[in-house]
Amino acid sequence: MSRWIVRAAAAICAAGYVFVYASGRTGPPIRSDGFSYYVYLPSWFIYHDTSLAAVAQDCCGGQFPDFTAIIRWPGTRRWVNAHPIGVAIMQTPFFLVAHALTRWSNLSADGFTFYYQHAAGVAGLAWIIAGLWVLRRLLLRHFPDTIVAATLAAVLFGTNLLHYATYDSSYSHPYSFFLFAAFLDLTERWHHQPAWRTSLLLGLVGGLIVLVRHTNALFLVFFPLYGVTSAATMRVTVARLRRHWQLVAAAVASVVITVAPQLALYHQATGRSIVSSYGEFGFNFLAPQLWGVLFSVQKGVFFWSPILLLAVAGLAMTRGAARGFLLPAALFLTVNTYLIASWFDWQFGGSFGHRGFVDALPVFAIGLASLFSRAASSPAARAAVISVCAVLIALSVFQMLQYWNGVLPFSDTTWPQYRAAFLRLK
Amino acid sequence: MTRRRPMAIAVAILACAAALAYLRDPPWLLSMTSGLREERREPAGKTVRTMAGHASFFVPTDAASVEIPLRGVFESEKDWPITVTIAIDDRPADRLTLTDGSWRVSTLRLPPPSGRRVRRIDIRADRTRSDQRAVEVGEWKSIRP
Numbered sequence: 006m007s008r009w010i011v012r013a014a015a016a017i018c019a020a021g022y023v024f025v026y027a028s029g030r031t032g033p034p035i036r037s038d039g040f041s042y043y044v045y046l047p048s049w050f051i052y053h054d055t056s057l058a059a060v061a062q063d064c065c066g067g068q069f070p071d072f073t074a075i076i077r078w079p080g081t082r083r084w085v086n087a088h089p090i091g092v093a094i095m096q097t098p099f100f101l102v103a104h105a106l107t108r109w110s111n112l113s114a115d116g117f118t119f120y121y122q123h124a125a126g127v128a129g130l131a132w133i134i135a136g137l138w139v140l141r142r143l144l145l146r147h148f149p150d151t152i153v154a155a156t157l158a159a160v161l162f163g164t165n166l167l168h169y170a171t172y173d174s175s176y177s178h179p180y181s182f183f184l185f186a187a188f189l190d191l192t193e194r195w196h197h198q199p200a201w202r203t204s205l206l207l208g209l210v211g212g213l214i215v216l217v218r219h220t221n222a223l224f225l226v227f228f229p230l231y232g233v234t235s236a237a238t239m240r241v242t243v244a245r246l247r248r249h250w251q252l253v254a255a256a257v258a259s260v261v262i263t264v265a266p267q268l269a270l271y272h273q274a275t276g277r278s279i280v281s282s283y284g285e286f287g288f289n290f291l292a293p294q295l296w297g298v299l300f301s302v303q304k305g306v307f308f309w310s311p312i313l314l315l316a317v318a319g320l321a322m323t324r325g326a327a328r329g330f331l332l333p334a335a336l337f338l339t340v341n342t343y344l345i346a347s348w349f350d351w352q353f354g355g356s357f358g359h360r361g362f363v364d365a366l367p368v369f370a371i372g373l374a375s376l377f378s379r380a381a382s383s384p385a386a387r388a389a390v391i392s393v394c395a396v397l398i399a400l401s402v403f404q405m406l407q408y409w410n411g412v413l414p415f416s417d418t419t420w421p422q423y424r425a426a427f428l429r430l431k
Numbered sequence: 007m008t009r010r011r012p013m014a015i016a017v018a019i020l021a022c023a024a025a026l027a028y029l030r031d032p033p034w035l036l037s038m039t040s041g042l043r044e045e046r047r048e049p050a051g052k053t054v055r056t057m058a059g060h061a062s063f064f065v066p067t068d069a070a071s072v073e074i075p076l077r078g079v080f081e082s083e084k085d086w087p088i089t090v091t092i093a094i095d096d097r098p099a100d101r102l103t104l105t106d107g108s109w110r111v112s113t114l115r116l117p118p119p120s121g122r123r124v125r126r127i128d129i130r131a132d133r134t135r136s137d138q139r140a141v142e143v144g145e146w147k148s149i150r151p
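These protein sequence lines are chains Z and E, in that order.
The numbering used here numbers the first residue of the first sequence as 6 and each following residue consecutively.
The numbering used here numbers the first residue of the second sequence as 7 and each following residue consecutively.
Read the hints as simulated data drawn from the structure, not as lab findings.
Note that this is a predicted model, so its numbers are computed, not measured.
Any given hint could be a false lead.
Claimed, not checked - Label pairs and their computed distance ranges (CB to CB): (1) E:Pro49 / Z:Ala222: 53 to 63 Å; (2) Z:Asp71 / E:Pro66: 31 to 41 Å; (3) E:Ala16 / Z:Glu285: 36 to 46 Å; (4) Z:Ala292 / E:Ala21: 20 to 30 Å; (5) E:Pro32 / Z:Ala19: 44 to 54 Å; (6) E:Arg47 / Z:Ala292: 26 to 36 Å; (7) E:Trp86 / Z:Ala292: 39 to 49 Å; (8) Z:Val226 / E:Glu83: 39 to 49 Å; (9) E:Ser37 / Z:Val226: 48 to 58 Å; (10) Z:Arg277 / E:Pro66: 33 to 43 Å; (11) Z:Val23 / E:Arg30: 14 to 24 Å; (12) E:Gly121 / Z:Ala19: 25 to 35 Å; (13) Z:Arg277 / E:Ala16: 39 to 49 Å; (14) Z:Gly29 / E:Ala21: 41 to 51 Å.
To be verified - Calculated from the model, a selection of chain Z residues having no Cβ within reach of chain E, i.e. all distances over 10 Å: (15) Leu112; (16) His249; (17) Tyr283; (18) Gln294.
To be verified - According to the in silico footprint, chain Z covers these stretches of chain E (three or more CB under 8 Å from chain Z): (19) 51 to 62; (20) 121 to 132.
We put the CB at the ideal spot given by N, CA and C, even for glycine.
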């Protein structure tokens with residue numbers, strides 16, 4: 006059944022994607038943050054230039070548009086992109102197909118014409134489906150097939166994941182969603198059967214996690230903390246890591262090798278390998294907007310995706326081997342929420358729901374599956390959970406359509422605006 | 007199962023070949039543009055589209071020539087000039103230096119018809135002004151022999 010759900014998800018996401026662009030709901034896929042994540046590809050493959058200067062000249066007459074997060078570094082005057090290279094690396098296969106098709110059809114091979122645009126859009130969609138597939142494999146090790154199917158459906162349709170598979174698929178979140186699911190899967194496999202292949206893959210995925218979004222390096226705590234549920238299990242985990250130190254070293258080396266090209270790019274542009282690529286913008290750790298990030302009508306993650314409240318409750322109910330994820334999940338979700346709430350723009354600009362939490366949906370999925378699993382043992386609880394989830398999924402999909410129609414604002418939604426727009430499609 | 011798989015692969019290869027044959031020279035290319043903003047109509051009735059650094063569009067391959075009206079976007083005299091280069095199917099065809107806000111027309115003689123239905127015209131500007139505006143492109147005209 007869960008296999009069927011992933012296939013249906015792929016078909017529905019593809020239909021949603023076609024609808025968004027065929028109906029003109031939004032501009033071409035390479036826009037806003039999607040531009041900055043993608044711009045490396047034409048620069049590397051078409052202009053054979055790692056400085057971004059040639060693509061800036063061709064696309065934009067020498068100056069990147071103000072909406073991009075690409076700035077001239079003070080001192081060197083070279084371009085520094087706030088958005089790192091991970092998304093571009095994961096878009097590469099799609100880009101190369103688009104480039105070949107563009108040449109074949111005699112469109113302008115500048116990196117921004119029709120096929121390039123939709124390669125960037127379809128890549129995000131494809132990585133979300135791949136993420137669902139990996140998440141399914143992970144969950145099936147702990148939960149029955151029907152529970153996994155319900156969890157995948159709830160995560161895709163009950164949160165803003167569907168929106169980031171379709172309307173805003175060129176952003177970084179589809180890529181992080183896949184990588185987080187893969188990292189959880191590989192972490193568990195490594196701890197049950199440490200092996201060279203798993204170690205190298207863990208390093209590659211861990212490195213890509215850092216390359217897609219630097220602050221997501223925090224997610225790597227899942228590897229050393231997986232399975233720790235008490236002092237005794239912590240000693241067991243430490244002993245395992247020490248016993249297999251060569252594999253751990255291989256994973257760390259794999260992370261370093263994967264991240265190295267980004268450091269080289271920073272060095273080329275600024276003269277330093279470690280930089281704050283956002284320039285003057287940054288965190289305000291003394292005034293985190295925790296209420297706003299979690300519950301506000303503006304962008305609160307539980308306001309716009311209330312099904313995730315069930316996931317948090319479910320995480321606390323996790324039993325069996327899945328409890329191995331509990332400590333790193335609690336640590337990651339807490340610190341990540343604090344980081345998001347401390348960012349100078351805690352709403353993360355325009356988005357449907359709070360996009361900062363899309364990356365972590367594989368973690369929430371473990372909680373949802375635990376809750377569904379517990380509810381399945383009692384007919385009354387099962388009926389209640391099914392009813393609540395059905396309503397929350399319907400609400401989430403409806404509100405996503407409102408956002409697509411421009412009924413809900415991109416950011417700074419107020420309570421009067423929300424009330425006036427409630428259940429209104431136009 | 008074992009007989010179905012080669013059949014499915016053969017069907018997929020045929021479908022890909024058919025799609026590639028169609029995409030080699032699709033009729034909808036004529037209506038496709040890139041790098042040009044939405045059309046707007048000037049008080050004098052002229053239809054204008056603004057471009058940033060690079061724009062492209064297609065003209066029928068059987069046209070003898072094409073006329074492209076161009077006007078630089080200038081905010082002050084220090085913005086002058088803007089150099090515009092035009093290429094036909096990636097071959098350089100014209101180069102204009104726009105030094106004031108008046109319209110200039112680039113007339114390009116097209117090469118003899120090729121195997122394709124359309125030719126691609128690329129316009130590149132050497133710099134942009136605020137809000138990513140460089141050059142305004144008027145309605146281009148394809149002139150048949």
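List in ascending order the numbers of the hints, as given earlier, that are violated by the structure.
-> 3, 4, 5, 6, 8, 10, 13, 14 and 15
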